[in-house]
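> The C-terminal residue of the sequence shown carries number 270 in this note's numbering, and the numbering is unbroken.
Just so you know, the hints here were simulated from the structure itself, not pulled from any lab data. There's no promise every hint is true.
[What the hints assert, rightly or not] If you anchor each label on the Cβ, the simulated ranges turn out as follows:
(1) Val154 <-> Thr219: 18 to 26 angstroms
(2) Glu246 <-> Asp115: 35 to 43 angstroms
(3) Asp181 <-> Ala220: 28 to 36 angstroms
(4) Arg232 <-> Ala174: 16 to 24 angstroms
(5) Pro116 <-> Ala202: 37 to 45 angstroms
(6) Thr68 <-> Leu243: 12 to 20 angstroms
Glycine included, every Cβ here is placed at the ideal spot set by N, Cα and C.
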Amino acid sequence: MERKRGPAEAPNHGTPATPRPAASVVLLRRGGKHSQRALEVLLLKRTEKAAFMPGAWVFPGGSVDPADGEGPNGFRACARRELQEEAGIELPADEELVPFCRWVTPEIVSRRFDAWFFLALAPAHTPPEADGVETVDAHWFEPAAAIAAAAAGEIVLPFPTHTQLGWLTAPPTSDAALAAYRGRSTEPIQPQLVGEGDEARLVLPGLPDSILISELRDLD
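Kindly produce the complete structure, drawing on both the sequences and the hints.
Structure follows, in structure tokens:
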């Protein structure tokens, strides 16, 4: 099934770039009194002035800094730091970060990342606040509602964000989502290029989701 995912990156026709390590937090909370589901996820809207994915709704995250460290602890430190910087939410030191998935940008894209996504439960009574620089809005979405809003053209979701929200439509609660992925092995996901010319597209191995290469936008 073909669905437009919104801004991606400019196609790369030279030597593949080395992916930069990055991390994001897929922050969950129990649904509010007006929610029909007991799971909501935090999305931030990137500023229209951003060089990377302008105007897109994304999970809080960014590139790993040297001060974050290396290896798994470095990715976790980066995820915590980015959540605090972009959304004003500081996770307790003992709050579990559950590995959700790992995305590697395909070689055809000019700006590449090796990004870990972690599930975490939001602290109670801690509303998110966009930083006003990289992000300009923050909102809690039911996963299915975010997907529907993207389909209606109300918001823009990047391909990885859209796909992960789809996975989160299955667990009935945030606790169930954490339990489902806790201890699960996390293999890298790297979309593959198939087809040629106007029919070329990026696909997820073994999954139906895809994006036409013609939908990639030059954000450099």
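> Against this structure, judge whether each hint is valid.
Against the structure, the hints come out as follows:
| no. | hint | verdict |
| --- | --- | --- |
| 1 | Val154 <-> Thr219: 18 to 26 angstroms | holds, 24 angstroms |
| 2 | Glu246 <-> Asp115: 35 to 43 angstroms | holds, 39 angstroms |
| 3 | Asp181 <-> Ala220: 28 to 36 angstroms | holds, 31 angstroms |
| 4 | Arg232 <-> Ala174: 16 to 24 angstroms | holds, 21 angstroms |
| 5 | Pro116 <-> Ala202: 37 to 45 angstroms | holds, 42 angstroms |
| 6 | Thr68 <-> Leu243: 12 to 20 angstroms | holds, 18 angstroms |
The structure shown violates none of the earlier numbered hints.
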